[in-house]
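Peer 1: Going down the list, the protein sequences come from chains A and B.
Start counting the first sequence at 0; every next residue gets the next number (numbering that gives the first Met the number 0).
Start counting the second sequence at 0; every next residue gets the next number (numbering that gives the first Met the number 0).
What the hints contain is simulated information worked out from the structure, not anything from laboratory work.
Being a predicted model, the structure only gives us computed values, none of them experimental.
Watch out, some of these pointers could steer you wrong.
To be verified - Partial chain A-side listing against chain B, Cβ under 8 Å, derived:
#, residue
1, Ile7
2, Trp15
3, Leu18
4, Lys30
5, Pro45
6, Thr176
The beta-carbon is built from N, C-alpha and C at its ideal position, and this holds for glycine as well.
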Amino acid sequence: MKIPIRMIGIATTVLWIFLIAFFVSAVYSVKDVRFNLGEPQTDITPNNKILFSLPVTIDNKGYYNIGSFNVTTEISDEEGFTITRGSTFIPIIEKGREITTTHNMMIDVNDLLQNSQDYLFNDTELEIHETIGMKLAEVIPVQASTNLSMPWGAPLYNFTLGEIEYTTFNLTHMRATIPISFENHAFFDLTGNIQIYMYNGTNILLGEGQTIIEAPQHASYQGYVELDVSIMGISESGYFEVYFLTPFFNFGPLVISYG
Amino acid sequence: MVEEKKDSKTRLQKITIKALKATIKGVIFYGIYFVLSMFLAPISEVVPGFQQTIEIFVIVYIFLMIIGELTSGTIFQHFFNTAKALFVILYLIFSLEGGIMSMTFQNVNLVVDLRLFLMIAILLSLLGVAKSVLKAVNFLNGKAEHQHF
Numbered sequence: 000m001k002i003p004i005r006m007i008g009i010a011t012t013v014l015w016i017f018l019i020a021f022f023v024s025a026v027y028s029v030k031d032v033r034f035n036l037g038e039p040q041t042d043i044t045p046n047n048k049i050l051f052s053l054p055v056t057i058d059n060k061g062y063y064n065i066g067s068f069n070v071t072t073e074i075s076d077e078e079g080f081t082i083t084r085g086s087t088f089i090p091i092i093e094k095g096r097e098i099t100t101t102h103n104m105m106i107d108v109n110d111l112l113q114n115s116q117d118y119l120f121n122d123t124e125l126e127i128h129e130t131i132g133m134k135l136a137e138v139i140p141v142q143a144s145t146n147l148s149m150p151w152g153a154p155l156y157n158f159t160l161g162e163i164e165y166t167t168f169n170l171t172h173m174r175a176t177i178p179i180s181f182e183n184h185a186f187f188d189l190t191g192n193i194q195i196y197m198y199n200g201t202n203i204l205l206g207e208g209q210t211i212i213e214a215p216q217h218a219s220y221q222g223y224v225e226l227d228v229s230i231m232g233i234s235e236s237g238y239f240e241v242y243f244l245t246p247f248f249n250f251g252p253l254v255i256s257y258g
Numbered sequence: 000m001v002e003e004k005k006d007s008k009t010r011l012q013k014i015t016i017k018a019l020k021a022t023i024k025g026v027i028f029y030g031i032y033f034v035l036s037m038f039l040a041p042i043s044e045v046v047p048g049f050q051q052t053i054e055i056f057v058i059v060y061i062f063l064m065i066i067g068e069l070t071s072g073t074i075f076q077h078f079f080n081t082a083k084a085l086f087v088i089l090y091l092i093f094s095l096e097g098g099i100m101s102m103t104f105q106n107v108n109l110v111v112d113l114r115l116f117l118m119i120a121i122l123l124s125l126l127g128v129a130k131s132v133l134k135a136v137n138f139l140n141g142k143a144e145h146q147h148f
């Protein structure tokens with residue numbers, strides 16, 4: 000009986016030593032692992048989506064490999080609607096190696112506008128849920144997560160149509176000049192086309208016009224649209240239907256009344 | 000009278016040896032803890048209360064170990080050894096929050112999944128319990144045989 004008991008004792012002691020040594024060294028080696036997040040960059044993809052790129056560098060100088068390294072970013076609005084989600088997975092980072100990868104996320108503004116038009120005209124805050132997960136020594140799962148907020152600048156902030164100015168065009172038509180102004184608060188340059196349809200008080204289409212816009216990021220835009228409208232149909236009040244056609248989004252009609 | 004004096008001298012010698020053994024074991028265990036605590040220092044800086052948790056564990060463990068050593072040669076030694084193994088199991092379960100430890104500092108929420116480590120530690124502790132029970136059975140068996148002959 001004494002020998003089996005002694006064998007159990009020896010086996011238990013050896014396993015305890017192995018377990019504690021492994022655990023302590025795995026935890027201790029974390030201090031030699033370096034994570035660096037580079038400068039985030041924005042770009043436009045060929046299919047006109049906004050691409051966020053975040054360079055991530057992992058320098059594993061620890062004693063063990065790191066397994067299942069995973070970075071996940073979820074961007075949502077203040078009401079919790081998920082706008083985009085990006086994930087980067089590295090199956091293994093061997094000890095002594097440095098790996099640089101790019102964590103990408105794409106935003107389709109058209110998808111964004113399906114949830115709310117406010118993104119075009121009002122600045123807001125977007126919630127970012129960032130999660131970094133890994134397996135220390137390929138067996139101890141660790142996950143760190145944080146919530147951040149990011150300002151969203153509206154590309155058509157304070158979009159307004161000014162007072163209509165009429166000038167004589169010919170006997171039957173007048174030329175209406177409608178001033179347009181807005182501020183591009185977005186982080187991308189806005190180029191595209193604005194189409195305006197002018198209706199009178201009895202919902203009759205008076206005329207249509209369009210203009211090309213070019214508004215660099217964080218700059219204000221002032222321009223105008225000219226429409227040839229029938230003199231007979233002009234009324235004191237009515238409304239405009241405005242359509243925006245840009246590489247990033249198509250939106251309309253935005254109804255703005257006049258008079 | 001001489002025999003009684005000799006008997007008390009032997010008993011004192013035995014107690015001294017036990018105490019010395021217990022002291023050496025306690026010092027060695029504390030030495031191991033001291034070395035390991037240096038490696039675990041980075042965690043102590045990040046996780047509040049980690050140092051205290053480990054210290055309480057070490058104090059109770061060393062206490063049970065010394066008591067077990069002082070009571071060696073009696074059935075109580077096996078009780079204390081079993082208690083020590085059970086204490087390790089319960090303390091690990093409570094201090095590791097069932098294996099999934101979650102802590103928040105500043106704006107970062109950190110989750111560490113130690114279920115595998117906990118499971119292995121519990122199995123090893125159960126092996127320790129089994130060993131103590133076997134030792135107790137063996138001790139009682141030996142005592143019975145001694146009385147019989």
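Peer 1: Now, for every hint given, state plainly whether the structure supports it.
Peer 2: Tested hints:
For Ile7 of chain A, the shortest C-beta to C-beta distance to chain B is roughly 5 Å, which falls under 8 Å, so the interface hint holds. Interface hint status for Trp15 of chain A: upheld, as the beta-carbon distance to the closest one in chain B is roughly 6 Å, under 8 Å. Because the smallest distance between the Cβ of Leu18 of chain A and any Cβ of chain B comes to about 6 Å, under 8 Å, the interface hint for this residue holds. Taking 8 Å as the C-beta contact cut-off toward chain B, the hint placing Lys30 of chain A at the interface holds, the least distance being around 5 Å.
With a cut of 8 Å, the hint placing Pro45 of chain A at the interface with chain B is violated, because the nearest CB-to-CB distance is about 36 Å. The beta carbon of Thr176 of chain A is not positioned within 8 Å of any beta carbon in chain B (closest approach about 52 Å), and the interface hint is therefore violated.
The structure shown violates the earlier hints numbered 5 and 6.
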